[in-house]
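Quick mapping for you: the protein sequence lines, in order, are chains A and B. Residue numbers for the first sequence follow the numbering used here, beginning at 1 and rising by one. Residue numbers for the second sequence follow the numbering used here, beginning at 1 and rising by one.
If you are wondering where the hints come from, they were derived from the structure by calculation, not from laboratory data. All figures in this text were calculated on a predicted structure; none of them were measured in a lab. Do not take every clue at face value.
Unchecked claim - Among the chain A residues that face chain B by a calculated CB cut under 7 Å, a handful are:
#1 N3
#2 E7
#3 V28
#4 S36
#5 D38
#6 R63
#7 G67
#8 S80
#9 I90
#10 L149
Glycine is no exception: its CB is placed at the ideal position from the N, C-alpha and C atoms.
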Amino acid sequence: MNNIYLELTKEFNTGKTRAIISSGQAVVLHRLAVMSKDGDWIVREDSEVIEHILSVLSNHGARYRFGAPFNIRWMSGGWSAHFEFSYDGIRVRTDFVTRPPRVSDSLRAKLWQIYDGKDTPFVDVKTLAELKKTNREKDYIVIGELARLMIDPKDQFLYSRSARDLIFLSEKYPDLIAELGNQRQVLKKISEGENKLEEALDAERRDFIHANEKRLEMYMKAAEKWLSLWPEIQKEIEGLPLLESHKIIVKKAEGILPFRV
Amino acid sequence: MNKIKDEFLSEEDLDLRNLTMEELIIYWNLWLRQAQTTNDLDKNIYSHGVFMSNHLIEKN
Numbered sequence: 001m002n003n004i005y006l007e008l009t010k011e012f013n014t015g016k017t018r019a020i021i022s023s024g025q026a027v028v029l030h031r032l033a034v035m036s037k038d039g040d041w042i043v044r045e046d047s048e049v050i051e052h053i054l055s056v057l058s059n060h061g062a063r064y065r066f067g068a069p070f071n072i073r074w075m076s077g078g079w080s081a082h083f084e085f086s087y088d089g090i091r092v093r094t095d096f097v098t099r100p101p102r103v104s105d106s107l108r109a110k111l112w113q114i115y116d117g118k119d120t121p122f123v124d125v126k127t128l129a130e131l132k133k134t135n136r137e138k139d140y141i142v143i144g145e146l147a148r149l150m151i152d153p154k155d156q157f158l159y160s161r162s163a164r165d166l167i168f169l170s171e172k173y174p175d176l177i178a179e180l181g182n183q184r185q186v187l188k189k190i191s192e193g194e195n196k197l198e199e200a201l202d203a204e205r206r207d208f209i210h211a212n213e214k215r216l217e218m219y220m221k222a223a224e225k226w227l228s229l230w231p232e233i234q235k236e237i238e239g240l241p242l243l244e245s246h247k248i249i250v251k252k253a254e255g256i257l258p259f260r261v
Numbered sequence: 001m002n003k004i005k006d007e008f009l010s011e012e013d014l015d016l017r018n019l020t021m022e023e024l025i026i027y028w029n030l031w032l033r034q035a036q037t038t039n040d041l042d043k044n045i046y047s048h049g050v051f052m053s054n055h056l057i058e059k060n
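Model the full assembly from the supplied sequences, consistent with the hints where possible.
This is the structure:
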């Protein structure tokens, strides 16, 4: 018995760790909830890695969805590439980034050290909590639970979404509030009581949501011309093997979709 | 009496912790299969990456 996202991850990582399960399917592997149909991976930014993953996807009969070409020049600019295929009656969507949002270059480099040699790696709770600072309300519910899985009280302070949990933590580790208050402004509201702290948590969540919306708007604006050409490109690649359509997409995107946003 | 705790996910969701890996995969696969009923509704939606909003796609 296996699962398509685990099988794919093993195939991506044959002989070398190339892809780390991220987002929704990582939430499942942390045993929190099943809440996403699609697979999302952080991929090592390397041409061999991308070629290998494209070849695995091609063997599954995958096709490109609208998105950036799966090519280092775009991926290193923070773009994402998207594919889809059918597997045993299930629509499988595979989404890839090499530069996940809110993950620093040093942490990204560390991830590849930590997961080296593993065939089904999935992101740790802290990185997952950063990735989940999206523009969707439901992701903050996940962050709330992820914070409860964190072992270091400092991390719990930095990621908790519960006023009650934060007050409890502050009673247990009073010195940490002063230490972490500049990293997370919300912590300064703990002394003002549960209601004020809840208001601050709500405002913080909205700030994260708006920050992510702003980031996505920049990419969507940069992709407008590419999008206008997509229906025509889609017709041209229809029925072609993935590796062939990939070549066409890369060529078409040059000069249309900027590498950097 | 236990103090009230802020709740994020349901007990049913969190019960995944008590499943063996094999049971988790069975439940996960079943969930994915059931979720196929919404494929038409989310065909233009992106769950991850920088194309999360579908409004540009819908223009076409």
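Quiz item: Taking the closest Cβ pair, is E7 (chain A) under 7 Å from chain B?
Solution: violated (10 Å)
Quiz item: How about D38 (chain A): closest beta carbon in chain B under 7 Å, or not?
Solution: holds (5 Å)
Quiz prompt | Interface hint status, L149 (chain A) versus chain B (Cβ within 7 Å) | solution = violated (10 Å)
Quiz prompt | Interface restraint verdict for S36 (chain A) against chain B (beta-carbon cut-off 7 Å) | solution = holds (6 Å)
Quiz item: Does the nearest C-beta of chain B fall within a distance shorter than 7 Å of the C-beta of G67 (chain A)?
Solution: holds (6 Å)
Quiz item: When the nearest CB of chain B is found for S80 (chain A), is that gap smaller than 7 Å?
Solution: holds (3 Å)
Quiz item: At a threshold of 7 Å, is the proposed contact between N3 (chain A) and chain B supported by beta-carbon distances?
Solution: Check passed: Cβ of N3 (chain A) comes within 5 Å of chain B, closer than 7 Å.
Quiz item: Close enough to count: is the Cβ of V28 (chain A) nearer than 7 Å to one in chain B?
Solution: Cβ of V28 (chain A) sits 6 Å from chain B, so the hint holds.
Practice problem: With a cut-off of 7 Å on the beta carbons, see whether R63 (chain A) makes it to chain B. | Solution: violated (13 Å)
Quiz item: If you take the shortest Cβ to Cβ gap from I90 (chain A) to chain B, is it below 7 Å?
Solution: holds (5 Å)
In this structure, the hints that do not hold are numbers 2, 6 and 10, in rising order.
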